[in-house]
Amino acid sequence: MTQPGIGIPEAAGGAATDGAVLQARDLVKHFRVHGRAARAVRGTRPVVHAADDVSLQLLAGRVTAVVGESGSGKSTVARLLARLITPTSGEILLEGRPARRVPAREYRRKVQIIFQDPFSSLNPVHSVRYHLARPLKIHGRAGGRDVGAAVESLLRRVNLEPAAEFTRKLPHELSGGQRQRVAIARALAAGPRVLLADEPVSMLDVSIRLGILNLLGELRDDGLAILYVTHDIASARYFANTITVMYAGQVVESGPSRAVADQPAHPYTQLLLLAAPDPDRPAPERITVTGGAPSLVTPPAGCRFHPRCPHAMDVCSVRQPPVFTVGDGHTAACWLHEGKQAAT
Amino acid sequence: MSAAPGGAPVTGGAGAAGSGGRKSAAPVFEITGLSVDYGEGPGATHAVADVDLTLHRGEVLGLAGESGSGKSTLAYAATRLLRPPGVITGGDVFYCPDPDSPGRRINLVEAGPEEIQELRWSQISIVFQSAMHALNPVLTVEAQLMDALAAHWPDAPAARRRDRAAEMLSLVGINPDRMRSYPHELSGGMRQRVMIAMALLLDPQVVIMDEPTTALDVVTQREILQQITGLRDRLGFSVLFITHDFSLLVELADTIAVMYAGRLVETAPARELFRSPHHPYTLGLLGSFPSLHGEIRPLAGIPGSPPDLRNLPPGCAFHPRCPYAMPRCRSDLPRLTLAGGGRQRQVACWLHDGAEPPPELAGRREATTAAGARPAGGGRQGGQR
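Those protein sequence lines, which keep their order, are chains A and B. Counting along the first sequence from 1, when you hit position 48 you're at 627 in the numbering used here, and nothing is skipped either side. Counting along the second sequence from 1, when you hit position 320 you're at 921 in the numbering used here, and nothing is skipped either side.
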């Protein structure tokens, strides 16, 4: 019998490790607008373009970061991939199979999600043991007398020791970092192949964030495919293998994390990096931006970033830029890179 | 100051304390030995303990700390906004109203309600973290700005007040057309700008900012920080900037004070603190922010959890998480004392008491981090809880 609590079931040995475990193809999610906001827009059936044509893939043993500001659609992507919401169009493939053909329980077992707020994602009236035993039983990973050992093994996996002591605790007896570790252990209890982490450290104290990121890094090294949704590009550079940058519901740049963070190709990525706090630079960079994020109900024509872009050309306000290859595995949707080989 | 009816134009305070004021050492706001408890008697929680902090004219003083470190409580107590069960149990807060006679000081802790009301907002104002909660959702921006003006400029004509409100909005980059907007009609960044306009409305000398940009996106945050420093240079006010984001302060602040478990553990000029932290907690904090440049090195953050103020360990509150802890740290409380590197550097750590501190805490960090990368937090890697 495989050890029930350890989390990752023969991931590395499974089929096609070099293929994507979870893949999104041209995912679109539009939310209907109701009420006064809807009447303010002429035309029929206004929608919020939360995600448009988002494609990405999660590989076993790799971390893919989705970086963007609030309203960029990054959390929508995580929720789509978790099947908490259904896409308007596009396809999700789990281990090469269309997700809608995968039974819900199997999908849940293989794809788990952890949320930003560890204070509201745990039930205040249930013990740590209950939180971890339930998914173990539901997914048939442990039963009867094995449950206690499996729960403790999970707690040890997330460095909550002495494990026996933590099993009895209630969420209010734990610090924020400890709660997030319990949430991660709960996700591991299902024995997933994919972990979707939606801003897992942004509500935690700065001194304990790296502890959580390093724990996720260990899980990655064990073969888990991880989606890391964040607004913090420095932590994505530190922790992720690839970075996908989203703006106004669309992917604007994607590539190996060092390439994206060190040689950003899209003006929006450049702006994000310039605006990020950076004690290493001698003097703060001055940024000049015109306006804020665009409306997602009536997004700008052409490139959605063009109203704020310092390099905007005529074409940018007319035609949406295709995806251009700017480096090895590095792509950007920006007309500045026209002439370089277009990606397929 | 120009808080009088029909007072000076926007740039009124700039001449006295503007560009030249930043380096002048005259204190404008002095906190000495301040202690704050929540609750009374033996069960009280000591949220702020014996804090000394001086804000100089034209300075941006950064106060860094994690949740529960007492940084916001300190700000509330210093402005007498603390609500029960919070109690000031000791210490003084001095405000020096006149740059030309630094000897004249008002003790805010002893001041009566009328005196406080007079000073608050006209001389000392506050920008709160959540503009959505600090602004009244059922009043227009104009009504809220006019309200503050009506209270402090009772004799000024309405048109004069309205001009002032419009002037301040344009100063923070909001078109005065938006005066009639309700808070929900503005973006998060614009709401925070309204808060800043409101704080600067009466031309105060001291502005306390409690995590003013935490809820904002990085680009908006950067714009607002630029605006704050720009306005500071123009108007010459002093800022106490409270945040958990240490990396932000290195760029923004002139001086940084680091708080842990209700006490200051280190104060230093911002750049010096970044180059050579003296306290192991500061070193750990610096190792908690991944860099945007250079090689990616493993970072450890700080092991353990932030302390529970109701149940603080004896001795130095940081010792359970400190990789350098000595037997003495478990029993004796270190006091904030002058450390090497000039009179502006203070640290509360036994490592700096006589014996030679470890090289990474003695100002020799630069050598090991030439490429701009940060050190691993304290050297101990595993065992985080």
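In case anyone wonders, no lab produced these hints; they're calculated from the structure. A couple of the hints might just be wrong.
Stated by the list, open to error - Label-pair ranges, simulated between beta-carbon atoms:
1. 890(A) - 933(B): 36 to 46 Å
2. 783(B) - 704(A): 37 to 47 Å
3. 633(B) - 749(A): 39 to 49 Å
4. 890(A) - 633(B): 48 to 58 Å
These numbers come from a predicted model, not from an experiment. Where is the CB? At the ideal position from N, CA and C, for every residue including glycine.
Outcome of the hint check:
1. 890(A) - 933(B): 36 to 46 Å: Between residue 890(A) and residue 933(B), where Cβ atoms are some 60 Å apart, the hint is violated.
2. 783(B) - 704(A): 37 to 47 Å: With a Cβ separation near 39 Å, residue 783(B) and residue 704(A) satisfy 37 to 47 Å, so the hint holds.
3. 633(B) - 749(A): 39 to 49 Å: At 41 Å between Cβs, range holds.
4. 890(A) - 633(B): 48 to 58 Å: Given range 48 to 58 Å: holds, Cβ gap about 53 Å.
In summary, the one numbered hint that this structure violates is 1.
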